[in-house]
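Could you put the whole structure together from the sequences, leaning on the hints where they help?
Order-wise, the sequence lines are chains G and C. As numbered in numbering that gives the first Met the number 0, residues 0 to 255 make up the first sequence, in order. As numbered in numbering that gives the first Met the number 0, residues 0 to 145 make up the second sequence, in order.
Don't take each hint at face value.
Said to hold, decoys possible - Computed list of lysine to aspartate or glutamate pairs in EDC-like fashion (alpha-carbon distance at most 20 Å, straight line):
no.: 1; chain 1: G; residue 1: Lys52; chain 2: C; residue 2: Glu6
no.: 2; chain 1: G; residue 1: Lys52; chain 2: G; residue 2: Glu117
no.: 3; chain 1: C; residue 1: Lys99; chain 2: C; residue 2: Glu61
no.: 4; chain 1: C; residue 1: Lys50; chain 2: G; residue 2: Glu117
no.: 5; chain 1: C; residue 1: Lys87; chain 2: C; residue 2: Glu56
no.: 6; chain 1: C; residue 1: Lys99; chain 2: C; residue 2: Glu128
As the list claims (entries may be wrong) - So the derived label-pair ranges between C-beta atoms look like this:
no.: 7; chain 1: C; residue 1: Ser110; chain 2: G; residue 2: Ser185; range: 20 to 26 Å
no.: 8; chain 1: C; residue 1: Gly48; chain 2: G; residue 2: Lys230; range: 52 to 58 Å
no.: 9; chain 1: G; residue 1: Val67; chain 2: C; residue 2: Gly52; range: 40 to 46 Å
no.: 10; chain 1: C; residue 1: Val66; chain 2: G; residue 2: Tyr248; range: 56 to 62 Å
Claimed, not checked - Which chain C residues face chain G? A few, computed with CB under 7 Å, are given here:
no.: 11; residue: Leu5
no.: 12; residue: Gly10
no.: 13; residue: Phe12
no.: 14; residue: Ile70
It is worth saying that the hints were derived from the structure and are not from the lab. Ideal Cβ placement from N, Cα and C applies to all residues, glycine included.
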Amino acid sequence: MANLVRQLGQRSLNIVIEAGAMIIFLLEGLGLALVPPFRPRRLLQEIYQIGVKSTLIVMLTGAFTGMVMALQGYYTLKQYGSEGALGSAVALSLIREMGPVLTGIMVSARAGSAVTAEIGIMRITEQLDALDTMAVNPIQYVVMPKLLAGVIAVPLLTAIFDVVGILGGYLVGVILLGVSSGSYFSGMVRSVVPLDVYGGIVKSLVFGLTIILVACYKGYNTQHGAAGVSKATNQTVVLSAVLILVWDYVLTSFFM
Amino acid sequence: MKRANLELTVGFFVLLGLLCLAYLAINLGKIEIYGEGYQIYANFDNASGLKTGATVEVAGVEVGRIVSIQITPLNQARVGLKMQTGLKIHDDAIASIRTKGIIGDKFIKLSTGGSEKLIPPGGTIINTESGIDLEELLGTYIHGKV
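Here it is as C-alpha cells:
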C-alpha cells in the first residue's frame, strides 16, 4: 500500500519536473532568439521543413473536413428547414475548433515527429556535442529556429485550412446539394464575429509553439540509442496531440 | 535545395498563408480597413436584444452598423450608428428595432424622413420605436390592464 502511494508520488513529481524542465527549455530557446549571431537562413529552412512541406496534407485535411461537415450539417439543418444556416455552421466550427485543432494534430504528426527524430539522432550520434565543441550553441542553432518556425507556420497553415475547408463546404453544400450560394456566404459573414477569427489565431499560435516545443524537448533529451529515438518520437506525437486537446478546452473556456 | 529556390518556396507559402488570413480577418472578421462613414445616435426606451455589429437598414439595404449601446442618465438606451457616407438622414427620420429570421436577430430599420433639415454627424434621431416585447404584451393582456 505504502509502495503504491510512493509510486503515485514519484509519478506526480516526475510530471511536475518534466513540465518545469520544458518551460526552462522554452525560455532558453526563445531568449536565444534575441542574442546574436542571427541566422535568418536557418529560420527559412525550418519554415520550409515545418510549414511548406505540411501545406498539402493540411489542405487535403481541410477540404475533406469542410466537405463532411457540409454533408452532415445539411441533413441535420434540413429537418428544420434552415439549410441557409449551412455556411455559418461550417465556417464557425472550422474557424473556432476544427481548423486549429486538426492543423495542430496534422503538423505534430508530420513535422513534430520529424523534428524529434532529427534532433534525437543528432543527440545519440553526438552531433549536438560536436556543435557545442565548435562554440555553436546547439539550442540556438538547432532548436530556436524550429520554435520560431512553428509559431510562424502553424497560424498560416490554420488559415489555409479554414479557407480550403470553407471552399470544400461550398463544393458539397452549394454545388452538390443545392444550397443557394448567396445564403451560404452571407450566413457565414453574418455569424462569424472578429472574436472567432482572433480566437482561432491565438489557438493556432499556442498549438504551434506547443507542438514544436514538445518535439524539440523530447528529441533533445533522447537517450539510449535507436530505441531511445523511437520512444522519443512516439512520446512526441502522443503528448502533443493530448496537449493540443487540453489547451483547446482551456483556451475555449477563456474566450467564451 | 538552392538558396533562391528555398527563399521562393517559403515566400509563396507565407504569401498564401497571409492571403488566407487576410480573407478570414477582413471578410469574416469585419475589420474595417477604411473607417469611412459618420456616426449618429438614437435613443430607445428599450434596446433589448440589440447587439453591437447589428445592421442598420434603409428599405432593406444595409447602410450601417451599430457601434455602441450605452445607458443615458434618463435610463434610456443610447445606440451609436455608423452610417455610410453620402446617406442623407433628415431630422424627422424614424429608427425602429425590428426582428429578422426565426432565431430573432434584431436590427434597426430606418426611414430617412423628408424634412428640410439633415441630421449632422454626431446628431441624434429623435423619433424611435423600441422593439415589441411579446412577453410584456401577453403579460399586460393576461393581467387585465388593457
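For each hint, the structure was consulted:
Only pairs whose Cα atoms come within 20 Å are accepted, and Lys52/G paired with Glu6/C is accepted, the gap being roughly 14 Å. Straight-line distance between C-alpha atoms of Lys52/G and Glu117/G comes to about 16 Å, which keeps the hinted pair within the 20 Å bound. Only pairs whose Cα atoms come within 20 Å are accepted, and Lys99/C paired with Glu61/C is accepted, the gap being roughly 13 Å. For the hint linking Lys50/C to Glu117/G, the alpha-carbon distance of about 52 Å lies beyond 20 Å, and the restraint is violated.
This hinted pair checks out: Lys87/C and Glu56/C have alpha carbons roughly 13 Å apart, not beyond 20 Å. At most 20 Å may separate the alpha-carbon atoms for a hinted pair to count; Lys99/C and Glu128/C meet this at roughly 16 Å. Take Ser110/C and Ser185/G: their Cβ atoms lie about 24 Å apart, and the range 20 to 26 Å holds. Distance hint check for Gly48/C and Lys230/G: the Cβ-Cβ separation is about 57 Å, which falls inside the suggested range of 52 to 58 Å.
Restraint check, Val67/G to Gly52/C: a C-beta distance of roughly 30 Å breaks the suggested window 40 to 46 Å. Evaluation of the 56 to 62 Å hint for Val66/C and Tyr248/G yields a failure: the beta carbon distance comes to about 33 Å. Annotation: interface hint on Leu5/C holds; nearest CB of chain G at approximately 6 Å, less than 7 Å. Proximity of Gly10/C to chain G is violated relative to the hint, the smallest CB-CB distance being about 9 Å (cut-off 7 Å).
Hint status for Phe12/C relative to chain G: holds, with the closest Cβ pair at about 4 Å, below 7 Å. A distance limit of 7 Å between C-beta atoms decides the matter here; for Ile70/C the minimum to chain G is near 23 Å, and the interface restraint is violated.
Against the hints set out earlier in the document, violations occur for numbers 4, 9, 10, 12, 14.
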